[in-house]
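Protein chains in written order, with numbering that gives the first Met the number 0: chain A, 0 to 312; chain B, 0 to 312.
Honestly, the hints are just simulated from the structure, not real lab data. In this text the structure is predicted, and so the values were computed from the model without any measurement. A portion of the hints provided could be inaccurate.
No distinction is drawn between identical chains; accordingly, a pair holds when it is met within one copy or between any pair of copies.
Listed below are the simulated SDA-like cross-link pairs for lysine to any residue, each with C-alpha atoms no more than 25 angstroms apart in a straight line [as the list claims (entries may be wrong)]:
id: 1; residue 1: Lys137; residue 2: Arg70
id: 2; residue 1: Lys205; residue 2: Ala42
id: 3; residue 1: Lys205; residue 2: Pro258
id: 4; residue 1: Lys82; residue 2: Arg70
id: 5; residue 1: Lys163; residue 2: Thr118
id: 6; residue 1: Lys196; residue 2: Asp120
id: 7; residue 1: Lys205; residue 2: Phe38
id: 8; residue 1: Lys205; residue 2: Gly257
id: 9; residue 1: Lys196; residue 2: Glu121
id: 10; residue 1: Lys163; residue 2: Arg233
id: 11; residue 1: Lys163; residue 2: Ala42
id: 12; residue 1: Lys205; residue 2: Glu221
Residues per chain, in single letters:
2 protein chains.
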Amino acid sequence: MASGDPMTEGPLPSWNDGAAKSAILDFVARVTKEGGAEFVAPAERIATFDNDGTLWCEQPLQVQFFFGRDRLTALADADPSLKSRELFGAYLNHDMPAIVKFGKKGLMEVGAFVHAGMTEDEFRTYARDWLATSKHPKLGRLFTQLTYLPQVELLAYLRASGFKTFIVSGGGIDLIRAFAEERYGIPPEQVIGSSVKTRFELQEAKGEIVKLPELNSFDDREVKPANINLHIGRRPILAFGNSDGDLAMLRYCLTGPGPRLGLVLHHDDSAREFAYDRDFKLSPLVEALDRAEDYGITLVSMKGDWRTVFDAA
Amino acid sequence: MASGDPMTEGPLPSWNDGAAKSAILDFVARVTKEGGAEFVAPAERIATFDNDGTLWCEQPLQVQFFFGRDRLTALADADPSLKSRELFGAYLNHDMPAIVKFGKKGLMEVGAFVHAGMTEDEFRTYARDWLATSKHPKLGRLFTQLTYLPQVELLAYLRASGFKTFIVSGGGIDLIRAFAEERYGIPPEQVIGSSVKTRFELQEAKGEIVKLPELNSFDDREVKPANINLHIGRRPILAFGNSDGDLAMLRYCLTGPGPRLGLVLHHDDSAREFAYDRDFKLSPLVEALDRAEDYGITLVSMKGDWRTVFDAA
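Start from the sequences and build out the full structure, keeping to the hints where you can.
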């Protein structure tokens, strides 16, 4: 079903009425009510969102995987010796147990290796070209069409309510920046993610940022709050994730003073998307699910809370 | 002389008419003229400013020095063995040749050591208390009153013209964040600087960011463009510095496509502030001065281009 008319249905037309939507609307009403007991100044209205599995689909593997594998395939065609490295062989052969064994960090290492030597401008062009044509293997849509419509509405609603919205992702920062402004309305300077080290150099008198084959930051778990502090310098008052990789960010948000809202998207919708939680070995949801009530986390059911998942293709 | 009336004098009342002011006004007019050949979309209007010596006074030493030394003095009172470390001894004894020998990186190392173990909240409180009471040894003003009025006007003018203004400093990111919003109108998420590594941990069930005694990034010279890429993800179209530590940032800005403006403040005003350039060993201005024309850098003379330096105390 397509989303409703925002003029008659309010600000989150793709969300069903229920506890999750009420928690969001109530929180925003409280922190924006001037003179209210829980008013938060606009400058402090920081909202942080995970990306993979929170703002777009991460099944059967994070989009980053397909992106890195395609580049690795091209490089291995030119240099077959790459196939003999165990990590690379796992990716080239789509060997799921081996890919899972190397985990999200393996994904980052592949990314760091295959894009080394590119300038930021070259990478951006390459990433945008790839995103413009690459489709999800099962759903048949462009990856960029796998962003969740209810979340795009939520981001816009928060910004309209004076919030500044940030992405805090385990995925590569530059790949997300290549589409986040267009798809989420989030500019590059509000994207935080995993990153490689870079070097500034003059190439034919033009200053360039060159990617190095070395990880700078793997933005997962306890590193997320540390990177929020580095990039934002303020504790978010709203955080949204979908796995235990987001738990530190959620607790960082929820244990601060004043009003707080921490949300976790539960993928329980095998009909419209996928149903998974503790069994997704690359990015499991266990503690944040089992202890949601203790930690003050609001669970969002994709099946129950979302009227629509994707926008009309 | 106090600044003039902006209603009759235009947007930069503390700037004298001249080549530098004209270059700024002309640049802003060109990039904001809709339909013009050099129009730049608001999202791309990124302006980056060095802090020490560009936005506030850095003589006889960067404010960071006094800040770190005061904390080191307190720590050395409790643990006199610290005095035997050569770097710390230099600071405790105000031994200028030794301080210069250790350079800006020594400054960062002192900062990393003396604040280790503090949480971000503790540091912010400590820094704000220090800034609220600490005065410049010669000028007799609070350090926070040593911000340059013409630059505060320029930052406001740029923001009013759709720019997003960032600080990109060799100084410690958290000290700058403790006053930049109030004094410059620049929020924490638009401050980039040198930083230490941090760790997220739960202390009595509250999530805290704890400073570690290890440098994460020394944001000087070629590291500035790399950190601009990490934090902003866009090449600035305007950059403003005052030393060779800013040269890589200036060239990164100036060698991009489209309209660009790179400015260097020349401290040539011994009557109202200080006169120095290539002789300031901690942060010399040599190449950016000698090759300004080659590189397309606009020099700003404090003596000639600024009607006022500091605001009325």
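Output the numbers, in ascending order, of every earlier hint that fails for this structure. As far as the earlier hints go, not one is violated by this structure.
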